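Undergrad: Each chain is listed here by its residues.
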Amino acid sequence: MSDTGSFWDRFTSARVSRRRALQMAAATGASVGALAVVGCSSGTSSADKTATAGAKPAGGGDEGTPKPGGTLHGTVSTVLGKNPMKSASFVVHALASYSYSRLMRFTTTIGELDQEKWYVPTLELASKVENPDPLTYIFTLRDDVKFHNVPPVNGRKLVANDVVYSFNLYRSISPNKGNMAFVDTVTASADGRQVTFKLKEPFGLFLNRVASFQDLWIMPQEFVESSANAAEDSMLGSGPFIFERYEPNVVMSWKKNPDYFEKDKNGLALPYLDAVNLAIITDQNQVLSQFAAGALDTISVPPKLVDSVTSQSPSAIIDKALGRNILSMVIFEPAAYTSGKPPFNDERVRQGLSRSIDREGLLKLVTKEGGEWPNMPINAGFGKTWWLDPQGSDIGDVGKYYKYDVAEARKLFSAAGVTSIDAPMHFSSTVYSTAVPYYDIVRQAIPAMFKEAGVSVKEVPEEYGNYITTTFKGQFDGMAFSLESVFSDIGLYWQNMFYPADQGGGRNHSSVNDAQLVTNIKKMLAAQTADEIHKQNFELQKYTSEKMYYVPVITPVEFGARSPKLKGVLNNTGPTTYAIGTEGALTNWFSA
Amino acid sequence: MRQYIFKRLLLAVPTLVGVSIVVFSLLHVLPGDIVQQLAGDNQVTPEFRAEKEKELGIDGPRFPASFQGDPPFVSFHKDNQYTHWLKGVLTLDFGQSLRDRSSISERLKHTLPTTLEMAGLAILVSLLIAVPVGMISAMRQDSIIDYVARSVSIGFLAIPSFWLGTMIIVYASVWFTKATPLPQQYQQIWENPYENLKFMLFPFGNFVPVGPSIILGVSLSGTVMRLMRAQMLEVLRQDYVRTAWAKGLRERSVMVSHAVKNALIPVITVVGLQVPVVVGGSVIIESIYNVPGMGQWFFQAIGFRDYTAVQAIALITAVAVVASNLAVDVTYAYLDPRIRYS
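Top line first, the protein sequences correspond to chains A and B.
All residue numbers for the first sequence refer to this note's numbering, where the first residue is 1 and numbers rise by one.
All residue numbers for the second sequence refer to this note's numbering, where the first residue is 1 and numbers rise by one.
A hint or two may mislead.
Facing chain A, from chain B, some residues (calculated, C-beta under 7 Å) [what the hints assert, rightly or not]:
# : residue
1 : G60
2 : S287
3 : W297
Keep in mind that the hints were calculated from the coordinates and are not lab data.
Note that the coordinates shown come from a computational prediction; the quantities given were computed from them, not determined experimentally.
Ideal placement from N, C-alpha and C gives every residue a C-beta, glycine not left out.
Put together the whole structure using the sequences plus the hints.
TA: What follows is the structure, given as structure tokens:
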């Protein structure tokens with residue numbers, strides 16, 4: 001059994017006091033747009049594939065009648081571009097979501113949403129989806145969608161050919177185009193109202209993929225082709241806000257799209273806000289002080305600073321939810337899997353390392369609200385429909401590999417014939433340490449935990465530009481503490497992290513080469529019923545929990561703070577965190 | 001003097017070319033590149049790399065000549081990245097940011113004046129603090145005033161400006177719920193001098209002097225203050241000062257006309273050398289205070305391997321350093337009539 005107390009008594013006495021002393025100057029926390037809440041938890045299948053009614057934004061919840069007007073002041077730490085078709089960055093997609101729309105999106109409501117409804121694709125530009133056979137999806141478009149009333153498009157109606165054009169653009173230039181490699185053709189009907197997707201092979205998570213914030217944003221051809229860099233310099237879509245201004249390192253702003261097609265349940269036009277201004281602020285202390293001074297309406301808050309924010313701004317509303325679907329993990333040198341290089345080629349060593357990690361202790365160290373343990377590769381943020389809880393009963397015997405037990409870890413090392421492990425551990429010393437509040441704390445704690453189990457770690461800090469182009473790409477020795485970016489469905493995690501690189505394994509950091517696993521993933525993705533997908537997904541997680549190709553770490557609760565005047569905030573923004581414009585700011589409003 | 005300045009300007013050309021070559025080369029030695037940054041977390045395929053490099057104009061040879069182990073050992077490239085960039089620089093066209101395609105020259109128009117103004121004000125603040133305090137400290141050597149001034153100067157030297165700035169930002173919000181203006185509220189000095197100076201000097205209002213220029217200036221003033229005191233003590237023991245006292249001149253006259261002017265010569269040298277320190281300090285201070293200047297941009301550009309932006313900023317910084325050194329040398333002649341450049 002775990003021995004949390006003994007380890008943490010020693011560890012926290014050495015580290016936490018210093019950390020507390022530094023709290024006020026800590027520079028942590030992501031500030032992507034108006035992220036009031038970062039969230040997660042459960043999801044359900046898209047396998048219920050015929051939908052006829054979009055889930056309307058709730059418009060008000062129990063907060064009173066929404067009042068149109070006002071400007072949302074948020075913040076973003078960096079702007080990496082404006083063209084969602086040309087970027088893989090979630091930051092670009094989050095910003096693009098103010099201006100662009102998709103065929104589908106994820107279910108949203110104001111306030112708490114039943115966890116089982118998270119990650120459920122729902123209709124956006126489409127008014128109906130039909131799935132006559134496993135290889136065909138027919139989207140009927142809404143009749144009331146117009147592009148922004150800005151040259152050269154000038155508010156013309158969105159038609160099926162725009163979807164076809166956008167898909168072809170996506171397939172030719174998007175770094176994420178592999179996500180829809182299973183699509184064979186996309187065609188428009190003669191009347192311009194329907195788009196038909198023909199698949200090369202059955203794909204049970206197709207609607208999730210269409211709803212993904214990383215893929216099919218609809219862009220008008222005449223805008224994209226109006227100049228060589230039109231979509232890099234500006235944004236023009238059918239989203240709720242019209243792009244207005246970008247000044248590097250200063251601000252990015254939008255104004256309300258008066259012709260936006262959605263209305264709330266009371267028939268009031270959306271969005272309610274007149275404008276959105278995102279100040280570009282790189283320093284987290286500035287973010288917190290601006291919020292305290294009332295200059296920002298919504299921010300994300302590093303867990304350790306929640307009390308500080310509350311004391312400075314007693315009226316602020318603190319929202320909390322399980323961490324976003326960023327997966328924290330220890331990864332191993334590719335040589336372990338490609339050429340059997342010891343010691344990490346032996347699964348007992350990897351299992352031992354997993355058992356050396358006191359996840360519950362880490363969660364307590366990161367935030368008093370705790371959190372969950374991720375599986376591999378499914379994060380707790382996906383919720384129990386998709387995520388097999390390592391502490392639950394369903395995981396069976398392999399759940400033991402997540403339990404903290406130093407003695408058992410040492411036994412596993414001995415069984416593998418390893419007497420001592422002395423390895424470098426690479427990590428990003430910039431960007432992650434400020435963008436993900438818990439990263440640096442966990443990164444410091446893991447070597448100390450490994451040491452308890454007799455594993456000596458030499459920390460190798462790498463500047464992010466170096467890290468992301470070397471270690472993250474699998475060019476490293478020993479181990480690394482890494483984060484996996486967010487994907488909008490479980491299939492993308494499985495494909496990216498376990499497929500060979502040339503088959504879509506873009507995040508197979510350690511060059512894991514398990515043919516049986518790949519076959520089983522393909523089998524799951526081809527499954528056509530929700531039950532079958534879930535069953536196979538869980539079986540796969542049991543398998544990878546035993547293999548421990550990567551060792552998952554923690555999923556902490558994360559926090560957002562907002563002005564009490566800001567209403568209509570979605571408290572279920574697991575997937576929608578990354579499409580904040582369409583699915584977040586759309587329903588925001590200010591009370592008097 | 002004109003001839004001297006002309007010679008110095010000519011000598012600055014190889015210095016700047018050297019700086020540009022070093023910056024151009026070292027940037028590409030750094031692990032990671034812009035193509036990978038643009039691909040995000042995705043794998044960069046050879047096709048993607050070739051396409052992006054061509055699109056960004058970084059696909060050809062980097063320098064006019066390249067060396068190899070086999071004969072003819074040297075290859076010459078008429079069309080190369082460095083020459084192309086240099087030609088642009090000569091027409092003040094620094095190209096486009098590789099990261100977001102914004103025009104570097106356009107962006108410099110906004111950020112360079114901001115950083116130069118902040119740096120200039122910082123040096124002014126440091127002189128306004130250091131010169132009188134150093135003078136008084138020397139004039140009242142070993143008095144309470146002297147001890148206090150020396151302790152304060154050591155304090156200024158010991159406290160990093162980024163720490164002081166951070167503490168001010170944090171505690172202003174904790175104690176007074178005050179924050180500096182948002183970056184979009186910044187206005188250039190020619191647009192709104194009052195708001196601009198307020199941003200740089202009194203960002204929390206009420207003329208509380210804790211702005212970025214003040215903090216940078218305070219940090220600089222420690223060195224200058226100590227140097228000024230030491231120089232004044234030395235000058236005050238010179239024969240010509242004793243003569244001035246013997247002539248019955250008033251203290252003010254002795255100090256201002258005879259002592260300070262001579263004591264300032266090494267101080268001016270140090271102030272000149274502080275220009276790169278201030279520009280370097282602006283990298284962090286601008287982030288802390290939300291100042292939309294060149295330093296903050298530089299910091300981000302390095303992280304993103306935005307070569308064109310980094311090259312431009314580094315070159316401009318080098319120009320500023322060369323210019324400040326020249327200005328220091330010219331100032332010598334003004335302060336010390338014995339110095340003549342011919």
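Undergrad: If any of the earlier hints don't hold here, list their numbers in rising order.
TA: The structure conflicts with hint 1 only, although it agrees with all the remaining ones.
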